[in-house]
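**Student:** Could you slot chains B and C onto chain A? The hints should help.
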Amino acid sequence: MKSKRQKGNFHQILAPLLFLLPNMFIFLVFIIVPAFQGLRMSLMDWGVFTDPVFIGFRNFAELLQDSVFWVTFVNTIVFSVSVVGLMVVSSLILALLLKRNTLTGERVFRAVFYIPSLLSMIAVGIAWRFILGDEMGVMNYLMRSMGGPGVPWLTSGRLAMMSVIFVSVWAGSGYYMVIFISGLQAIPTELYEAARIDGSSSWNTFWLITIPLLKSTLLVVVVLGTIASFKAYELIFAMTKGGPGYATKFIVQQVYQVAFMEDRMGYASAMSIILMLLIGFFTALQFAFSGKDQSYE
Amino acid sequence: MKKILLLLSVLLLVSIQLFAAGAQEQKAQQPVTLSVMWFNDANESDVFLATIADYLAANPHVKLDMQVVAFADYEQKLKLMISGGNPPDVARVTNNHLAALISSLEPIDGYVADINAVKAQFMPASVAFALDDAGKLRAYPTEATANGMIVNKTAFAKAGIDVVALSKTWTWDSWEQAVRKVIAANDKIKYGLALDFTPHRFSTMMFQMGGRFLNENQTAMGFNNPGTIAAIEQFKRYHDTGLIPKSVWLGSENPAELFQAGLVASHIGGSWNINTYNKNVKDFEWVVVANPKGAINSSVPGGKFIASFKDSKNKVEAQKLMAAFSDKAHNEMYCRDTFNLSSRVDAQVQYPSNMADFATFKSDLEKTPPFTANEWKHPVVNKVSAYIREQIVEVLLGNITAQQAVKNVDVKGATFF
Amino acid sequence: MNKQYPFKLILQYIIILLLAAATLFPVFWVAISSFKPQSELFRFPMSFLPDEWTLENYQNALSQGNFLLYFSNTVFVAVVATLITVMINIMSGYALAKYRFPGRNIIFYAMIATLMIPLQVIMISIFLQLKRLGMLNSLWGIIIPPAATPTGIFLARQYMVNLPDSMIESARLDGGKEFTIFWRIIIPLSKPIIATIAIFSFMWRWNDYLWPLIVITDNRKQTVQQALANFVGQLQINWSNLLAMTTISIIPVILVFLTFQRFFMTGITSGSVKG
Numbered sequence: 001m002k003s004k005r006q007k008g009n010f011h012q013i014l015a016p017l018l019f020l021l022p023n024m025f026i027f028l029v030f031i032i033v034p035a036f037q038g039l040r041m042s043l044m045d046w047g048v049f050t051d052p053v054f055i056g057f058r059n060f061a062e063l064l065q066d067s068v069f070w071v072t073f074v075n076t077i078v079f080s081v082s083v084v085g086l087m088v089v090s091s092l093i094l095a096l097l098l099k100r101n102t103l104t105g106e107r108v109f110r111a112v113f114y115i116p117s118l119l120s121m122i123a124v125g126i127a128w129r130f131i132l133g134d135e136m137g138v139m140n141y142l143m144r145s146m147g148g149p150g151v152p153w154l155t156s157g158r159l160a161m162m163s164v165i166f167v168s169v170w171a172g173s174g175y176y177m178v179i180f181i182s183g184l185q186a187i188p189t190e191l192y193e194a195a196r197i198d199g200s201s202s203w204n205t206f207w208l209i210t211i212p213l214l215k216s217t218l219l220v221v222v223v224l225g226t227i228a229s230f231k232a233y234e235l236i237f238a239m240t241k242g243g244p245g246y247a248t249k250f251i252v253q254q255v256y257q258v259a260f261m262e263d264r265m266g267y268a269s270a271m272s273i274i275l276m277l278l279i280g281f282f283t284a285l286q287f288a289f290s291g292k293d294q295s296y297e
Numbered sequence: 298m299k300k301i302l303l304l305l306s307v308l309l310l311v312s313i314q315l316f317a318a319g320a321q322e323q324k325a326q327q328p329v330t331l332s333v334m335w336f337n338d339a340n341e342s343d344v345f346l347a348t349i350a351d352y353l354a355a356n357p358h359v360k361l362d363m364q365v366v367a368f369a370d371y372e373q374k375l376k377l378m379i380s381g382g383n384p385p386d387v388a389r390v391t392n393n394h395l396a397a398l399i400s401s402l403e404p405i406d407g408y409v410a411d412i413n414a415v416k417a418q419f420m421p422a423s424v425a426f427a428l429d430d431a432g433k434l435r436a437y438p439t440e441a442t443a444n445g446m447i448v449n450k451t452a453f454a455k456a457g458i459d460v461v462a463l464s465k466t467w468t469w470d471s472w473e474q475a476v477r478k479v480i481a482a483n484d485k486i487k488y489g490l491a492l493d494f495t496p497h498r499f500s501t502m503m504f505q506m507g508g509r510f511l512n513e514n515q516t517a518m519g520f521n522n523p524g525t526i527a528a529i530e531q532f533k534r535y536h537d538t539g540l541i542p543k544s545v546w547l548g549s550e551n552p553a554e555l556f557q558a559g560l561v562a563s564h565i566g567g568s569w570n571i572n573t574y575n576k577n578v579k580d581f582e583w584v585v586v587a588n589p590k591g592a593i594n595s596s597v598p599g600g601k602f603i604a605s606f607k608d609s610k611n612k613v614e615a616q617k618l619m620a621a622f623s624d625k626a627h628n629e630m631y632c633r634d635t636f637n638l639s640s641r642v643d644a645q646v647q648y649p650s651n652m653a654d655f656a657t658f659k660s661d662l663e664k665t666p667p668f669t670a671n672e673w674k675h676p677v678v679n680k681v682s683a684y685i686r687e688q689i690v691e692v693l694l695g696n697i698t699a700q701q702a703v704k705n706v707d708v709k710g711a712t713f714f
Numbered sequence: 715m716n717k718q719y720p721f722k723l724i725l726q727y728i729i730i731l732l733l734a735a736a737t738l739f740p741v742f743w744v745a746i747s748s749f750k751p752q753s754e755l756f757r758f759p760m761s762f763l764p765d766e767w768t769l770e771n772y773q774n775a776l777s778q779g780n781f782l783l784y785f786s787n788t789v790f791v792a793v794v795a796t797l798i799t800v801m802i803n804i805m806s807g808y809a810l811a812k813y814r815f816p817g818r819n820i821i822f823y824a825m826i827a828t829l830m831i832p833l834q835v836i837m838i839s840i841f842l843q844l845k846r847l848g849m850l851n852s853l854w855g856i857i858i859p860p861a862a863t864p865t866g867i868f869l870a871r872q873y874m875v876n877l878p879d880s881m882i883e884s885a886r887l888d889g890g891k892e893f894t895i896f897w898r899i900i901i902p903l904s905k906p907i908i909a910t911i912a913i914f915s916f917m918w919r920w921n922d923y924l925w926p927l928i929v930i931t932d933n934r935k936q937t938v939q940q941a942l943a944n945f946v947g948q949l950q951i952n953w954s955n956l957l958a959m960t961t962i963s964i965i966p967v968i969l970v971f972l973t974f975q976r977f978f979m980t981g982i983t984s985g986s987v988k989g
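Residue numbers (the numbering used here), protein chains in the order written: chain A, 1 to 297; chain B, 298 to 714; chain C, 715 to 989.
Read the hints as simulated data drawn from the structure, not as lab findings.
In silico lysine-lysine, DSBU-like type, Cα no more than 30 Å apart, as pairs: (1) C:Lys845 <-> B:Lys607; (2) A:Lys241 <-> B:Lys487; (3) B:Lys704 <-> A:Lys241; (4) A:Lys241 <-> B:Lys533; (5) B:Lys617 <-> C:Lys845; (6) C:Lys845 <-> B:Lys360; (7) B:Lys576 <-> A:Lys241; (8) C:Lys845 <-> B:Lys612; (9) A:Lys241 <-> B:Lys543; (10) C:Lys845 <-> B:Lys610; (11) A:Lys215 <-> C:Lys722; (12) C:Lys905 <-> A:Lys215; (13) B:Lys485 <-> A:Lys241; (14) B:Lys709 <-> A:Lys241; (15) B:Lys612 <-> B:Lys625; (16) A:Lys215 <-> C:Lys812.
Just so we're clear, the structure is a prediction, and the values are computed from it rather than from any experiment.
Bound conformation, chain A alone (with noise of 0.2 Å):
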């Protein structure tokens, strides 16, 4: 590395400033002024139409006390860790299933998959509502219809959990298994080939070289998806607005009813800060997890 920093090289450090130039400058003045003025406003006790006022640490001092922030807290946990498990695993099991390019109406299949994915949230959520509704849904609507009892998709707390987590990992899996499928797609054939020779049993062959050559993809598919389970909310919003109770309600959601129904900004921005601390210990473990990345080396 000293050795080619020695070169001098003026374009090693200018090039790449100038690549990024156009993103850093974006990010910049639409999200990095904004965000550090919702740290500044995080310490404010503030409305949309009154003056902020500096209250020090004080909104982070009444979050730990709010029960019902710390509720949301661990319902976005779970919500998320749940999430984000079954998504990785749901999502690679279709992208090898439609890895191949050679099964006839492949094309055709990875289209259906990635529908989910191409719905805005306020379609899925109409959707599953026909679907779980406890009186007017499909499903119990069958149930019913064949003398069984109804089930209580979205109205008992555990069941709604599981259904908000269900149908998010429905709407996302079809995203991921594109990242998945460009990713196997890189695998050399070869490999495989030569484990085929050596007579290694096809769940060896995933152990040993698939998922080692796909850690990169996987590092990319864990992180994205963390990040966009722990930030969801139209779609959970559309289904059980939050309840029944509090049972499916995470902390986005709450940082929307204290910011604009409350009118507590700061307040609000001190939970959206607890989020992001959150989202960014999930991350870095991740990062931590998958050790050493090839582009450091």
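**Tutor:** Same frame as chain A, but now just chains B and C:
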């Protein structure tokens, strides 16, 4: 790769063409263009334009720039625009919006000759919503809404009950006896009542039981009172005994859909449901009835308004337009075509159908005590209402008692005073 | 492999077909319901197919508001934004993958971190910023600010890390300029990831609601998603229009996906690179 580029550029070209066509239209500038912000339940923005067409024809220098925003984000969008210093010239607002935004609205007082004459044209509850702390009118009432009960008349008839006659004097007890008979007599009817998943609709029952949100002179919370507790407990009992489907308050299912499907005997919704049911219910007869009496007779008033903002750019023209839109003839036309109750006391709206149903809502509204409007216009009630909803659900789930819930609400509400 | 295990292949087909049916069921339900008259939507007993097929919902949805204009606005935003996003993200991804310069890791992690900020909270600050820059009620206000997507940079970087350094080095020795190397060597090698980012960006822009909500109020500048959201009122929901419009809005993205997928899925083998 080339194909992608080709496709992209074709799409781009097409959209630029259409885009340019839109931009050219804009160039034909007129002396005043009022920006009008609206949200739609059905087709209100179109009806507004049709209603005001004659005014615009008579005033060719006025042009309207309609901005329709989805209701779910309407308040937030208005707040963004106000805090950014560029609110629209005219906006349609609800009574809830008024509670949050009234200080940003332009008082009407300075623009009309006799403000008291204007106030006298509208129902007292509607005026109450639009008054600021100093008693200045800041918005023109347009439509009024009333919460009330709509019943499946066919199902009641099948149980041998003349629901229209019975409802003239019924109490919650006689209502309960009747719907239990209805459930027994109809295979399809599973429940007695569906009540919208909002604190506003819940407050129908609460006010009837003598409950309230705030203390008498609105200086502090007063949710912890016998009437409110009785209402929550009755509500829970109805859930526990299968009279109300759990799926509405616990699973956020839409009660209007349950009623349309013919699964519930009665629905506490409001005057806006007439429009929906008129279009969608084909399998049975339904009718609006008086609310059952608890400790008192009460509906809950609500409504829509039209207002201009302190920072609006064309306030004078905006006020003229609003005044014209709110006069008797325009208001009657607008309410008739949107199928709503009018806020004007002198309006004689000739609806194409359902005259009796509207009359029932109106008479329920007349029996309603005025403090209900004053409670619902209070900013703290609006801020704490999401929490109230959550706490009621906690009671329904059996996690806390009604007594604990009302205490929690009072503690939370106190932080906003 | 397939010839050796025809049974396994059939089993895979069955699994795929079952999963596909389960995946599509909710979408079908929405699409088929859009052909039901409003009064049939919430009727008991239910029926999957409409008793009476009708196109009335489509006529209503298309005649209300200015559908064609919303549609072309959305196409304009999605296409232009995708072009910009792909360009600047690929550039950034390349810089982060193939150059060693001080602060590289910090910039990379900072960009990922911006993904963690919940937009809802900084909405007011963003709104004020856009106002200062005069970008409100302009389609450029929806296009530019979210064009720098951390997701795109992340995908681009992870892909380009695996490109061989040797090609770049030898091009440098031949006296290639940095930008020429990027344009002539890196871009052609990165086609699959370009296509992936393009399709993700297009889909996201097509469905995005939050940015148009912040930026646009003018009716002539609204997007399809805003028009969709307008069908849900305070007290009533215009189900028939909503279902019809939702169905229409899905069709273009499916077509785009079907057209483009061979570029980013099969295309990868032709440009296959072995790290």
